[in-house]
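Mapping the sequence shown onto our numbering, position 16 (from 1) lands on 843, and the numbers just tick up by one.
Rather than coming from a laboratory, the hints here were simulated on the basis of the structure. No residue lacks a Cβ here, since even glycine has one placed at the ideal position from N, Cα and C. Some clues are possibly wrong.
As the list claims (entries may be wrong) - Calculated pairs, EDC-like style, for lysine to aspartate or glutamate (alpha carbon to alpha carbon, straight line, at most 20 Å):
id, residue 1, residue 2
1, K1192, E1228
2, K1018, D843
3, K1018, D1168
4, K1018, E1028
5, K1192, E1172
Stated by the list, open to error - Label pairs and their calculated CB-CB ranges:
id, residue 1, residue 2, range
6, P1007, T908, 30 to 36 Å
7, T908, R1048, 27 to 33 Å
8, S940, A864, 54 to 60 Å
9, Q952, H1011, 24 to 30 Å
10, E1143, A864, 48 to 54 Å
11, D840, Q1223, 39 to 45 Å
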Amino acid sequence: MALVTELELPAFDHTDESVRGESFHAAMRALRDRAGANEHGWLARSPYGYMTLDREAGEFFLRTRSAIFPGMTIAEIFGVTEGPLFEEMRRNILHINGPDHQRLRSLVNPALSPRAVERYRPAMQVFMQQLLERAVAAQAAGDGDVQAGEVECEFVEAFAKPYPSLVIASVMGAPLEDAPRLHHWSNWIQKQFDAGAMAAERDGIERAVQEFYEYAEALVRARRNDPGDDLISKLIEAEEEGDRLSDVECINLVFNVLVGGVDTSQSQLAHAVRLLGEHPDQWRLLSAEPSLAGDAVEEALRYEPITPFTARIVTEELEFRDVVFPQGTIVMVCAFTGNRDLADEDRGPEGAEAFDITAKRGRAKPMTFGAGIHYCLGANLARLELQEGLGFLASQVRRLELTGEPQYGTISGIYGLESLPVRLSLSAV
C-alpha cells in the first residue's frame, strides 16, 4: 500500500491557458505515454492534487460516496463567504449530498426524463430552421451569392450560441426574446468553475448571479399565477403536491438548469461541427443518413468532451488500486483520456483515437456527463438538443467546410470554441 503523496508521477497543468486544440490532444497523448511507463500509469499530478487517466479510475472517484464536488472548497479558496455567489454555490445541487440531494433530484428528474424532454423536439427544429434562414438572409444582405447555394458564417455566433439559449428559454417557460440575456448570465456564472476567472472576474460573476436570481424569482411568481407546460410549472406542481420544495429550492433548481444547459450545449455543438468539418468523410456519411445524428453526438461527446476535467475532494481516507488518498485530497477526473478507453469493437484500441460516427463502442457511454449521483441533471435534454441540431444541419447541408482556424477556449472549466468559420453548401436554395 502506498500513499499517493509518496508516488513519483508525471504532471499535467490543466490550468495552462496555452494548452488548447491540437496542443491539448498532443499533451494528453504524451501524458498517457509518460504515465504508461509508470507502475501507477492511471494517475498523474495536477496543480491542485492528482488526476485519473483511465475510465475505471475516473468512474470510481465520480461514483464513490467518499468523494464530493469541491464547490465549497473553491468558495473557501477564493474567499467567497457571503453574497449572491456564496448562496448560489451553497445551494447548487452539485454541492448538495445525501438525502437532500436525493430529494431534489427526485423532484426535477421527471421533468427532464427522456420522455419528458421529447416535448421540446419540435421547438428545437423550428429554432434551427430560423437560425439557418437568418444566416441565409445575412449572406444575401452582404456580398454573398446565395443562389450558388453556399452560406459562409461564423458558426458559434450564428448557431451554437443562440440555439441552446432558445431551447433553455422554452424549457424554463421564459419569453424567447430573453434568450440572449439567459446566455449572458449562463456564460458568466459558469466562470465560477474556472480558477482563473474566479481570480480575475469575480465581480462580473457575482453581478450575473444577482441579476439572474432577480429574474428567476419574477419568473417563478409569474408561473404560480399562470402555469404552463414548462420546467418551472412542473417544479411548482411537485412542490404543491408534496410540500417538499421551498421557493428558494425551486429557484436554485432553475438556476442549475440554466447554468448547466447553455454554455455546455453551445460548446459541444460547436466542437461536433468542427470535428465533422475536419473529417469530410464523416460529414458525407451523416448528410447521406441524418438518422446517424445520435451516433455522431455520442462520438463527439467521447472524442472532445467539453468537461475534460471534473474535480472531486476525498472526504475520508480512501484506497484504490493499492494507493491511499488522504482526506482532503483533490482528484481531477480526466474524461478526455477516460473516453479514449472506449475502443472500436472492429479496430481495437487504435480505433479509440479516431473520430468515427459509425464505430462500435459497446453500450458504455462517454464520461462527459459524469457518473454517479451527480450525473448531469440535463443530460437527456442536452443529447436531444445536439441530435436535433446535427440532424437538422445534415438534412439541409450537403457539404460542410471550415474556412478558417477554429479559435479554442481554455480547457479549464467548460472547453468551448470562441469562433468557428464555416461554409455551408445547402442541399436546396
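Taking the hints in turn, this is what the structure says about them:
1. Between K1192 and E1228 the CA atoms are separated by roughly 29 Å; this puts the pair beyond 20 Å, and the hint is violated.
2. Between K1018 and D843 the alpha-carbon distance is near 16 Å, which keeps this suggested pair within the 20 Å criterion.
3. For the hint linking K1018 to D1168, the alpha-carbon distance of about 29 Å lies beyond 20 Å, and the restraint is violated.
4. For the given pair, K1018 sits about 8 Å from E1028 by alpha-carbon distance, which is consistent with the 20 Å threshold.
5. Distance hint between K1192 and E1172 is fulfilled; the C-alpha atoms sit about 14 Å from each other, no more than 20 Å.
6. One distance hint, 30 to 36 Å for the beta-carbon pair P1007 and T908, holds here, with the actual separation near 32 Å.
7. Checked against the hint of 27 to 33 Å, the C-beta distance between T908 and R1048 comes to roughly 29 Å, which is consistent with it.
8. At roughly 45 Å, the beta carbons of S940 and A864 sit outside the given window of 54 to 60 Å.
9. The beta-carbon spacing between Q952 and H1011, approximately 25 Å, falls within the hinted interval of 24 to 30 Å.
10. At roughly 32 Å, the beta-carbon separation of E1143 and A864 lies outside the given 48 to 54 Å, and the hint is violated.
11. As the Cβ distance of D840 to Q1223 is approximately 42 Å, the hint placing it in 39 to 45 Å holds.
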